[in-house]
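Assembly of the complex is requested from the two constituent chains, each provided in isolation within its own frame, with the hints serving as guidance.
Protein chains in written order, with the numbering used here: chain P, 28 to 139; chain Z, 243 to 541.
Please note: incorrect hints may appear among the correct ones.
Per the computed footprint, the stretches of chain Z lying under chain P, defined by three or more beta-carbons under 8 Å from a beta-carbon of chain P, are [unchecked claim]:
| id | segment |
| --- | --- |
| 1 | 450 to 457 |
| 2 | 468 to 480 |
Here are some chain Z residues pointing at chain P (derived, C-beta under 10 Å) [as the list claims (entries may be wrong)]:
| id | residue |
| --- | --- |
| 3 | R447 |
| 4 | M460 |
| 5 | S461 |
| 6 | P462 |
| 7 | G464 |
| 8 | E465 |
| 9 | T506 |
| 10 | R507 |
Ranges of calculated distance between the beta carbons of each label pair, as one might list FRET restraints [unchecked claim]:
| id | chain 1 | residue 1 | chain 2 | residue 2 | range |
| --- | --- | --- | --- | --- | --- |
| 11 | Z | D358 | P | S81 | 46 to 52 Å |
| 12 | Z | I337 | P | G76 | 36 to 42 Å |
| 13 | P | R92 | Z | E365 | 55 to 61 Å |
| 14 | Z | G531 | P | A127 | 49 to 55 Å |
| 15 | P | S81 | Z | S487 | 20 to 26 Å |
| 16 | Z | E394 | P | E101 | 55 to 61 Å |
| 17 | P | R84 | Z | K302 | 17 to 23 Å |
| 18 | P | G75 | Z | D515 | 38 to 44 Å |
| 19 | P | G75 | Z | P431 | 52 to 58 Å |
In case anyone wonders, no lab produced these hints; they're calculated from the structure. Cβ coordinates follow ideal geometry from the N, Cα and C atoms, glycine included.
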Amino acid sequence: MTKSFFAFVVLAAAALPHSAHADDAKAGQELALDRAKGNCLACHTIKGGDAPSSVGRELVGMKRRFPNRADLVEILTDEPMRNSIAPMPPFGRNHILTRAEIEKIVDFLYTL
Amino acid sequence: MVYRNANGETRMIKSSCPGRWALARTVVCALLLAAAPAKAADKTDPETDRKALQAFFFAKFPKVDKAEFGNGPYAVNEEMRKQWTDIMQFPPYEIALDEGHAEWDKPFANGKHYADCFDNKGEGIRQTYPRFIAETGQVETLEGAINRCRVENGEKPLDPMTGLMASLAAVMSESSRGKPFAIAIPDDPRALAAYDRGKEFFYSRKGQLGVSCASCHMSPAGERMRGDILAPALGILAAMPIYRSDWGSMGTSIRRISTCSSQTRAVPLKADDEDYRDVEYFLSYMSNGIPVVGPGTRP
Chain P
28 MTKSFFAFVV LAAAALPHSA HADDAKAGQE LALDRAKGNC LACHTIKGGD APSSVGRELV
88 GMKRRFPNRA DLVEILTDEP MRNSIAPMPP FGRNHILTRA EIEKIVDFLY TL
Chain Z
243 MVYRNANGET RMIKSSCPGR WALARTVVCA LLLAAAPAKA ADKTDPETDR KALQAFFFAK
303 FPKVDKAEFG NGPYAVNEEM RKQWTDIMQF PPYEIALDEG HAEWDKPFAN GKHYADCFDN
363 KGEGIRQTYP RFIAETGQVE TLEGAINRCR VENGEKPLDP MTGLMASLAA VMSESSRGKP
423 FAIAIPDDPR ALAAYDRGKE FFYSRKGQLG VSCASCHMSP AGERMRGDIL APALGILAAM
483 PIYRSDWGSM GTSIRRISTC SSQTRAVPLK ADDEDYRDVE YFLSYMSNGI PVVGPGTRP
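Looking at chain Z on its own, in the form it has when it is part of the complex (with noise of 0.2 Å):
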């Protein structure tokens, strides 16, 4: 048997609840554990989860300021900071900038502009992303509106993992840099639901390694891995896109994320999979508060 505890990580009771005590005290552990964790299981309360999350890395991370959460690894380790403050004297992510510029400024075929699909013609509004749109259901990411204004613009859809559609959500961030996260979840069982679904997907075990994405980046964040120092979840996603020397290229939110979903040795969804919209709902809202300091860099 199984239940779920604040964070949303399952923790099995078997364990903690041992048969061998006397029958009165079994009977009361097992409405303690029936009763309590149930409740918090079932009830979708956002804001709890993400006063929550964003407690437990503050206390893991005293040192650590509130606005620093986006530079991940730096932000955790001393080391990896000096090394980052080296390759910041010329950011790897400069090309994808400049070719974004010039792409976010050139007409499509129809004489109109990206500026003309956003909010405040796109500029310092990267923190509100991903939305949950009322029209579809769904929820759309910074990558999806891209598309969607490409589209319906008579423009050809861009791959949302890398290349200029990195490029665009790269001059998208930097003009929102120093904005906090702003997610919205608007009081709508759909939306709630996808939230949910995005929790979930967080916190459940996938792939042949059987870890999940909090396996990594709630506990043993901040911790080594072989090179690399594992990111806290909490800002994760708030360097987006970056370009990372692994790749030897930008990515975007989806297309780190489906690299996760290898390296837990699982067959990746889908770019534009539900889960994977859903999963970057969930991480952005628990990030709300927390500025955006993309493009960023990582190795």
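With the rest of the complex left out, here is chain P (with noise of 0.2 Å):
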């Protein structure tokens, strides 16, 4: 029975349709974007962004670069607790964004 309903979690998840995903990249860009929640072009450039920043590294080829998500989503939580001397607040520690949010932004950073 627990088998049984297992498969059909993994069965349905695999039968979601491919834009979900889309549409967490798409949530994930408005939220990097939004002055009040990742507000990534303060620091950092983005092709298609206005005005370029260039206290960070630009955010480009990330999947080459973060091949482990979960660094990307450790760095969006509490970059400092990585190395304390970097500008880059921690998002996730000081509830600036949730981990939800997080997740979003990070499908968009993959598309980067």
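Structure follows, in structure tokens:
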């Protein structure tokens, strides 16, 4: 019973339309650009974004640079814990972004 | 566990001392971390700090003349400098200077003048503020001294952030242009404690954004933040007071520092809060040797 239910969930997840991921990436983009949320453009350059910034590195080739998704989640959650002199705010720890919002932003970053 | 480096920046030791190495190596690592940095952090040595901070910026901007650091973004960015040259054909602080001179010359109700409150009649002394005042055991800013002068002569204190106060500070800065900052930290434990508090304030992460003053004004100085260029910490108060386009008006050092607090999503302190006076003391001491260029202008 449990086994078949599990199988059903897996199958259902696999059957989800491909656009669910794309929707998350789109929501992530909005969060990334929102000045009250990620506000990534304050410090980073993103292709297509206005007024490029150079405090942090350009957000490009993210999948190649961060093949391990958990690394990006960790950086967005609490970069000062990894590198105490990094200017990047601890978005997760200081409740600027929720975990769900961070996941969506990572989906967006992986499109760059 | 956290320690401070020579610039007072905090560093975690977790990543620099991996535990999976051989025992001997771990012990050596722990000893090094426990001994050397702790020594540097425990002793208050403003002059060593100042030399380290200035060496950092002179190395970072080798082409920038020492006398230029007070011009902040205009000193370190060509494009900004061009815009500034245009703006300076009609300096936006001129109106404040006119207002300031008129007020400076006007006697108080008791017949005395601002000039009577200051050394050298208040001329060419801006580079010596903030000062440590032995009687109170506290740091007094230029604006604090102007307000004390008013109160001691029976006048009401002014808003220390803007308006007439900024105009008076502009007058005192103008007569001090070209004079290198010469902040004194007397050999008094209260003065050294004030310096330490200011240094700690500068390097401590604050606000919801969890960034420190240093997060923007040390390593990232000169970098672009949207349309702005981050000013180096060195000389950062030398152009004060400033006409800031973003404000559409004049502001003193404290107005700028208070705005920085808001920008980190911290609740700004009161304008005369000890922490603000102390961070101004620290920053001004760091700029000893850098000439006053105020009043100034910023985007």
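To see whether the hints hold, each was checked on the structure:
no.: 1; hint: 450 to 457; in the structure: holds (count 6)
no.: 2; hint: 468 to 480; in the structure: holds (count 3)
no.: 3; hint: R447; in the structure: holds, 7 Å
no.: 4; hint: M460; in the structure: holds, 8 Å
no.: 5; hint: S461; in the structure: holds, 7 Å
no.: 6; hint: P462; in the structure: holds, 5 Å
no.: 7; hint: G464; in the structure: holds, 9 Å
no.: 8; hint: E465; in the structure: holds, 5 Å
no.: 9; hint: T506; in the structure: holds, 9 Å
no.: 10; hint: R507; in the structure: holds, 8 Å
no.: 11; hint: Z:D358 / P:S81: 46 to 52 Å; in the structure: holds, 50 Å
no.: 12; hint: Z:I337 / P:G76: 36 to 42 Å; in the structure: holds, 37 Å
no.: 13; hint: P:R92 / Z:E365: 55 to 61 Å; in the structure: holds, 57 Å
no.: 14; hint: Z:G531 / P:A127: 49 to 55 Å; in the structure: holds, 51 Å
no.: 15; hint: P:S81 / Z:S487: 20 to 26 Å; in the structure: holds, 21 Å
no.: 16; hint: Z:E394 / P:E101: 55 to 61 Å; in the structure: holds, 57 Å
no.: 17; hint: P:R84 / Z:K302: 17 to 23 Å; in the structure: holds, 18 Å
no.: 18; hint: P:G75 / Z:D515: 38 to 44 Å; in the structure: holds, 42 Å
no.: 19; hint: P:G75 / Z:P431: 52 to 58 Å; in the structure: holds, 56 Å
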